[in-house]
Amino acid sequence: MYPSSKKIIRDLLSDKGRSFIVLLAIVLGAFGVSMMTTAYQILGRNLNDNYRKTNPAAFTLVVDTISDDLLQQARLLPGNEYVETRNKIMGRVETGNNELVPIWLFVVDDLSNVQINTYRLLSGKIPATGNEMLIERTGNRLTDIAEGKHYRVTIPGFGTTEMKISGIVHDPGQAPSWMEGLLYGYVSKSFVKSMHLTGISPELKFTIRTNSCDRPTIERQMAKTVSFLESNRIKIIRTEILTPGRHIHQSQMDSLMFLLQMFGVLALLLSCFLIINMIMAIMAKETRQIGVMKAIGATTRKITSIYIRIVFIFGIVATLIALPLGYLAGRGFAQFVASMLNFELFNQQVSHGVWAIQLAIGTVLPVLVAFAPIYRASRITVREALNDYGVSDTLSIKSEHSQQFIRKMGLSNITLLAIRNTFRRKGRLVLTLITLVLGGAVFISAFNIRTSLKDTVNSRFTNQHYDISMFLSEGVNEAVFCASLDCLPIVADYETWGYARATRIVPGKPESELMDVKVVPLQTHLFVPEIIDGKWLSGNAGEVVVNHVFLAKYPDVRLGNTITLKVNGQTQTLKVVGSIRELFSGPTVYVSKTILAQWPAMVGKTNSALISFKGDQTDLSANSAKLEQWFKANQYPVSLVFRKDQYKERVIDHLVVITSMLIMVTLLLILVGGLGLITTMGINMVERLRELSILRAIGVDTPKLYQLILTEGFLTGWMSWVIAVVASVPVSYYLGNKFFEIFFETTLNFDVSLTGILVWLAIIIVFSTIAVVVPARSANKRSIREGLSYE
Amino acid sequence: MSAFIEVKNLTKVFNGSDKRFTALDGVSFSIGKGEFVVITGKSGCGKSTLLNMLSGIDQPTKGEVFIEQIPLHQFRGNQLAEWRGRNLGIVFQFFQLMPTLTVLENVMLPMEFTSRIARSQQKGRAMELLERMDLGALAHKFPASVSGGEKQRVAIARALANNPGFIIADEPTGNLDSANSARIHQLFNSLSDEGKTIVYVTHEKDTALRYSRKIEMLDGQILNS
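Order-wise, the sequence lines are chains L and H. Note that the working numbering gives residue 559 to position 559 of the first sequence, counting from 1, and the numbers run on in steps of one. Note that the working numbering gives residue 109 to position 109 of the second sequence, counting from 1, and the numbers run on in steps of one.
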């Protein structure tokens, strides 16, 4: 082995503390990137895989009636692959604690042989009778249900029946029950017969043979199928094409992926600055050795190669440590997200490409970022290098005005020295500040986004003055209903609304997906719309207000445009007068009750209400239960009751993946940022140990020495903190809004987290104290002679 | 016959923050091959600056330096480093050994940089040089565990690693006791006997060196040579 190679190895081993810190900086950067890229790839691939494996329907046709024979003929049309009927019935399950939990019951053609929107039986058995059902696995986290037990299921308007859970299934096509606040059940057609359910229009689900994710292909195939059915005198009530290949929680995943990418890049950037800082410090200590090597014949290239090899060895070792850990952490995180979003990780392999990227980032990137400082240090002339005594005599603050200003402040000599020392090596100070600011800004940003999320969710609910919203399966006499509610002592206030499902009609295009239509009383005070454009409803029957989700889905719609909606087979053209922001909602349109004149079936009726209770929030549960009993006693066909507090919980549950990721990022940043703080400030101090020895030699006592170095440390830390607080605002504003746009198609209520700012300040104080006191203490322990010697 | 070292009108000016300092002021002299020249003078007279010019460690502000007719003043960074590695051996006052290399490896290091000596022979040659310096037993020790005199002998062995014809020594005994100084003087005398051209800076008035010429400097100029 060449002497230079031996020098490398022994240099690494001779200063174990320094080597450990450099290694840790690279390990943390590589770990962060490895974890994020691993999670990114596993999650991205598996969500799609899970969804594709369910063989999702390409399009859905709701028809008035159809025979099995004609259904098979439709399936045999060129291009179609499978067809099944799959009706969804809304019901409510009475669980152990007398809770009425909403349930979607999917009526499946053949429970044991599902071809479209498939699920997997995890335990139990396929229902043999109409009084048995399968339940999606995430239901047991929502409420107290178990396989083999019997539960009372009510179908509004059709009565109640006892049903047994015969088995548990996993349906990755559905969002988790606990997140959505409803159960998913799977029943056979005999359930429909046993409950005498009528008025159900068959929903035909089709898959196609080729290009199943290409919308134009799907549209053409659907048009062909519609035409065939219509030619056979089948009435098409509604058509539907869900965004092809897009899982119900794809936007959640997309926003998570975005944050993973962004924080991955920021962690990497931070790690790069950390490496640069440390390499600069190492090179500063090596100056004289570089001079000697040049004096005895080493060229700049040779010296550069020696130190580059050191960094490369660091990179290799760091990668060997970071990659397996990053992979495990990434897999763990992916597993956590998968369990949150109800999908399974079939394939946890990381592709060769991603391994190559991780390997390159761990080994090549440190070399790349270290090259400039190494090359610069290697270019030093022999004279400069041999004259380097570790004590610079350059002036820190050159401007006479600045000098005068500082003098006039009446500071002690030690404080003055500390201020001047801080600004003496400006290049180093800038690098230190960049590293600290980057760590601080990202750390505070993670807090800011969490706080903004919390605020946005809170504002969604605190502005609404009702406690529950309820829906009936059919319209009831409004006057009677109101009179009854007036008599209820627990009710403080209420509003009767109307509710329907509609599709948007655009000439030459298939009907849209279903959307909610809410019929609003003119003077609503329980519901407070957050208007983002235009105005609220004025009572004109031709007006409509849409929510931001509607606008995001139909970007062709602008304020002042007219839209045509089809409700219960009737079309209505309305003018868009305003838009509101409505988080955690599907596309929804709001119309005033005056429109009911044009929908005679609903005149004088109501099928929805907002109710507020007397008393405080602690009575909410008891009041809801009392109201439910009252509904039951009066035989109102309640299909859904949303308690605002429970709904808020579910909304927060939707964000749990994001908030946990932010917590994880925060923890990682405490490590990386704290390490950055300790190393950059500590190394600055180590470089000046000789200077400290000189101060001791001329009589500066230990308390004054500590005053000097702590002032320097705090000054640097304080400057970085101020800049980080300022820098965190645009960083978190951009990241938060971008993530929110992906997730909710709207902007975030931006808020600054005081906690984040103060926690970072605490970290700065604690870590900068450690960073300067530890090396200074060890310097103090050495004799002045040792401190002043060069070698 | 041309001189081994030719210095013409050599000037070096250092620019301080508020004033200029002339370290060498139009110095001219020549040294023949195999000469043993001692440069003396008070501290700050320009001895070390002159040595830096002769070794290519620093560039002159004005003037010319030719070593074996090679115009050193025209060379830049890497050219100078390569030239030094092949043609020059330097001995410093403070030894300047690599602390994480053994004595043997310190001597091998210049050979690695220049590749002038085949790799298979580098270790043997380094051992030979150490034996000559009576340091064979210390070959595998680190600089921190050998004495000052031994360190300086290692530095001389290192200076001889690539068998240069020209040796520069900057106060090599300045940090040593008299016994060790005498030993170092002996070594330099023997190197001179072998025909090496030596430029030796010292501020000692009486030395046991068998030098052929003495150049005395004062305030950046040569008093007599």
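The hints are simulated quantities; they were obtained by calculation from the structure and are not laboratory data. These numbers were taken from a predicted model, which means no experiment stands behind them. Note that beta-carbon positions come from the ideal geometry of N, C-alpha and C, so glycine has one too. Some clues are possibly wrong.
Below are the DSS-like pairs computed for lysine-lysine, each with C-alpha atoms no more than 25 Å apart in a straight line [claimed, not checked]: (1) Lys88/L with Lys566/L; (2) Lys16/L with Lys33/H; (3) Lys6/L with Lys141/H; (4) Lys6/L with Lys123/H; (5) Lys535/L with Lys509/L; (6) Lys426/L with Lys454/L; (7) Lys141/H with Lys285/L; (8) Lys518/L with Lys426/L; (9) Lys605/L with Lys285/L; (10) Lys88/L with Lys164/L; (11) Lys33/H with Lys214/H; (12) Lys42/H with Lys8/H; (13) Lys189/L with Lys164/L; (14) Lys125/L with Lys88/L; (15) Lys123/H with Lys426/L; (16) Lys509/L with Lys566/L; (17) Lys123/H with Lys302/L; (18) Lys88/L with Lys6/L.
Calculated from the model, a selection of chain L residues having no Cβ within reach of chain H, i.e. all distances over 12 Å [said to hold, decoys possible]: (19) Ser14; (20) Asn55; (21) Gln289; (22) Gln348; (23) Arg504; (24) Lys535; (25) Val726.
From the derived model, a few chain L residues whose C-beta atoms are all more than 12 Å from chain H [what the hints assert, rightly or not]: (26) Asp11; (27) Ser378; (28) Asn421; (29) Gly542.
Cross-check of the supplied hints:
{"no.": "1", "hint": "Lys88/L with Lys566/L", "in the structure": "20 Å, holds"}
{"no.": "2", "hint": "Lys16/L with Lys33/H", "in the structure": "49 Å, violated"}
{"no.": "3", "hint": "Lys6/L with Lys141/H", "in the structure": "14 Å, holds"}
{"no.": "4", "hint": "Lys6/L with Lys123/H", "in the structure": "14 Å, holds"}
{"no.": "5", "hint": "Lys535/L with Lys509/L", "in the structure": "29 Å, violated"}
{"no.": "6", "hint": "Lys426/L with Lys454/L", "in the structure": "41 Å, violated"}
{"no.": "7", "hint": "Lys141/H with Lys285/L", "in the structure": "23 Å, holds"}
{"no.": "8", "hint": "Lys518/L with Lys426/L", "in the structure": "63 Å, violated"}
{"no.": "9", "hint": "Lys605/L with Lys285/L", "in the structure": "85 Å, violated"}
{"no.": "10", "hint": "Lys88/L with Lys164/L", "in the structure": "19 Å, holds"}
{"no.": "11", "hint": "Lys33/H with Lys214/H", "in the structure": "15 Å, holds"}
{"no.": "12", "hint": "Lys42/H with Lys8/H", "in the structure": "23 Å, holds"}
{"no.": "13", "hint": "Lys189/L with Lys164/L", "in the structure": "16 Å, holds"}
{"no.": "14", "hint": "Lys125/L with Lys88/L", "in the structure": "21 Å, holds"}
{"no.": "15", "hint": "Lys123/H with Lys426/L", "in the structure": "45 Å, violated"}
{"no.": "16", "hint": "Lys509/L with Lys566/L", "in the structure": "14 Å, holds"}
{"no.": "17", "hint": "Lys123/H with Lys302/L", "in the structure": "20 Å, holds"}
{"no.": "18", "hint": "Lys88/L with Lys6/L", "in the structure": "74 Å, violated"}
{"no.": "19", "hint": "Ser14", "in the structure": "5 Å, violated"}
{"no.": "20", "hint": "Asn55", "in the structure": "65 Å, holds"}
{"no.": "21", "hint": "Gln289", "in the structure": "6 Å, violated"}
{"no.": "22", "hint": "Gln348", "in the structure": "44 Å, holds"}
{"no.": "23", "hint": "Arg504", "in the structure": "74 Å, holds"}
{"no.": "24", "hint": "Lys535", "in the structure": "70 Å, holds"}
{"no.": "25", "hint": "Val726", "in the structure": "35 Å, holds"}
{"no.": "26", "hint": "Asp11", "in the structure": "5 Å, violated"}
{"no.": "27", "hint": "Ser378", "in the structure": "10 Å, violated"}
{"no.": "28", "hint": "Asn421", "in the structure": "18 Å, holds"}
{"no.": "29", "hint": "Gly542", "in the structure": "82 Å, holds"}
Consistency with the previously given hints fails for numbers 2, 5, 6, 8, 9, 15, 18, 19, 21, 26 and 27, ordered from lowest to highest.
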